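J.: Residue numbers (this note's numbering), protein chains in the order written: chain L, 1 to 117; chain C, 1 to 111.
There's no promise every hint is true.
Here are some chain C residues pointing at chain L (derived, C-beta under 8 Å) [said to hold, decoys possible]: (1) His29; (2) Gly42; (3) Phe45.
No lab work stands behind these hints, which were simulated from the structure alone. Quick caveat: nothing in here was measured; it's all calculated off a predicted structure. From the three backbone atoms N, C-alpha and C, an ideal C-beta is built for every residue, glycine too.
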Amino acid sequence: AQKITQTQPGMFVQEKEAVTLDCTYDTSDQSYGLFWYKQPSSGEMIFLIYQGSYDEQNATEGRYSLNFQKARKSANLVISASQLGDSAMYFCAMRESYSGGYQKVTFGTGTKLQVIP
Amino acid sequence: DAGVTQSPTHLIKTRGQQVTLRCSPKSGHDTVSWYQQALGQGPQFIFQYYEEEERQRGNFPDRFSGHQFPNYSSELNVNALLLGDSALYLCASSFDRREAFFGQGTRLTVV
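Chain L on its own, in the form it takes in the complex:
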């Protein structure tokens, strides 16, 4: 079963507008972490924001915020005031812990965001 689901293969947003990228996840763990990464055409994965499963408040990092709804198992990324440089692939990822404390990170299939001038 897919553990991270991103249902939007592509999104368009007007410059300076806000956009929400959807992510749902599936896990039986009580302790897990959720991440969003940005991947420009150059290929490097850039860390954007992190939400722990026990964090009560939604994470925010500058123009990025994570809308965490635990009961619905969703972790949507909100980008406010979009900029042309935000055009990229965006990946949602989940970290699960295994015995011994070691972890594995599972990525979704990504959403390609294009910002229109």
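Given the structure of chain L, go ahead and fit chain C onto it with the hints provided.
T.: Using the frame of chain L, we list chain C on its own:
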């Protein structure tokens, strides 16, 4: 402070050959993970190294092996290359279960 560095950036190999990719983690990071990203897909976890041992492994055949050195740098080795091994290989480093920082990747093309 240098981030995660990977070498080489691009590589072309012939089917059946062997390849070694290298990764230097971000300063202060002791855990290295490797991912394979096929075109148009999300990264797939290959394995994770900590204290010079493989700690977790994804669904990849034994042709994929790795190593971590005392200075925390790591190598990914792929034997008997197949056309389907063509992908972007990403290395990520982390410390104490915090967020992983990625390198720019090595783009491997198998012909």
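J.: Hint by hint, note whether the structure agrees.
T.: A quick look at each hint next to the structure:
Hint status for C/His29: violated, given a least beta-carbon distance of 13 Å to chain L, over 8 Å. With its C-beta approaching chain L no nearer than about 4 Å, C/Gly42 sits inside the 8 Å limit, and its interface hint holds. A distance limit of 8 Å between C-beta atoms decides the matter here; for C/Phe45 the minimum to chain L is near 5 Å, and the interface restraint holds.
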